[in-house]
Amino acid sequence: MNIIVNELVAELIEKTRNHINRAEGFRTLSEKELNYRKSENTWSILECIEHLNLYGDFYNPEIKARIKKANTTPSEIFKSGILGNYFVNLMLPRKTLNKMKTFKDKNPLGSHLDKNILDRFSIQQKEYLELIEQSKNINLTKTKTSISISKLMTLRLGDTFRFITAHNERHLRQAENVLKEFAANKA
Amino acid sequence: MNPIQTLIDDLNTQNLWGKSIELKRNEYLKVKGSIDTNIYFVVNGSLRIFVLDALEEHTIRFGYKNNLIAALDSFLSEQPSDLYIQVLKNTTLKVLKKSVFMNFIASSSKNTKTWQLILENFALQQMERERDILTTSPVERYNRVLKRSPQLFQEIPNKYIASYLRMTPETLSRIKKS
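Chains A and B, in that order, are what the protein sequence lines are. Just so we're aligned: 62 in our numbering is position 62 of the first sequence, and the numbers increase by one with no gaps anywhere. Just so we're aligned: 1058 in our numbering is position 58 of the second sequence, and the numbers increase by one with no gaps anywhere.
Simulated from the structure, these hints should not be mistaken for lab results. This list has only true hints and no planted wrong ones.
Calculated lysine-lysine pairs in the DSS-like style (CA-CA distance at most 27 Å, straight line): (1) B:Lys1094 to B:Lys1113; (2) A:Lys15 to B:Lys1098; (3) A:Lys15 to B:Lys1019; (4) B:Lys1159 to A:Lys115; (5) A:Lys32 to B:Lys1024; (6) A:Lys126 to B:Lys1089; (7) A:Lys180 to B:Lys1024; (8) B:Lys1089 to A:Lys32; (9) B:Lys1024 to A:Lys186.
Sequences are here, hints too, so could you generate the full structure?
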């Protein structure tokens, strides 16, 4: 699948702006709302955000290093890979959020969490915007990155960006659903 | 009369504003890397424009009720810009598209003149701002800005004014007390 790079970049930036704003909205919530869990094994709002932070801890430095090392020239077209596109589609939330398995090291369940989680998210997303900016100087198709779920595979940087942004969307929706459940339980 | 006020009045008279946008406290109107060629009128609320340098925020400008605000670099060049525009308290904006604005400016010699005056004032303000930044003494930096924009100190929380003045919030509160 071919995607025009300028359009992809503009879309990633606009989605990230939206994600930052939605997480900023959580700042007005009480500790009780932020830590509410529907059941023992499901995540609270802060755990959803911390899960994204754990991903950012992996991907931001990984992408940064790959961009720094890249010796490629930009192209107007990004060619999405078969595997990359598959992962992006898998990650994109459907109308009703389907469950997915989380890898153990990315599971924040039961960690001690406070509003610093939201600060961390905001900083990471700004770093992420910085990386999108830097990627304008290199080739999104030819530059590859490792992925968190397997040491054997790499994804094209354009797909890595699409994957991360879809993943952010998924878990922000999950967090918003937790808030709805909290409100419904209270009523 | 202040040419910006003339401009706003004439835009109102001709009813050229597009949709309204509502943003809550801390939300972003614009982030780094995006193209934004709109002009915004602040119906109520307040905003700040900043850039990030190694994750440190440098506040460049503020906007509050009845001001116009824009990512001016992007507005002029129609290219992506580094600017962040963040809402400091719940804010309502009216949007004016660049194409509509440029038609308005070209539609009469009065409008063209008004726009020229605004740009001239803007160049003068930028020179004042350059002087701010080159002023070594924090107290003097504070006095320059207080004299120029007393309203700023009514509208904007200290920590952002401190960032604009290139000093820590502690230094700012010490200067304000003395």
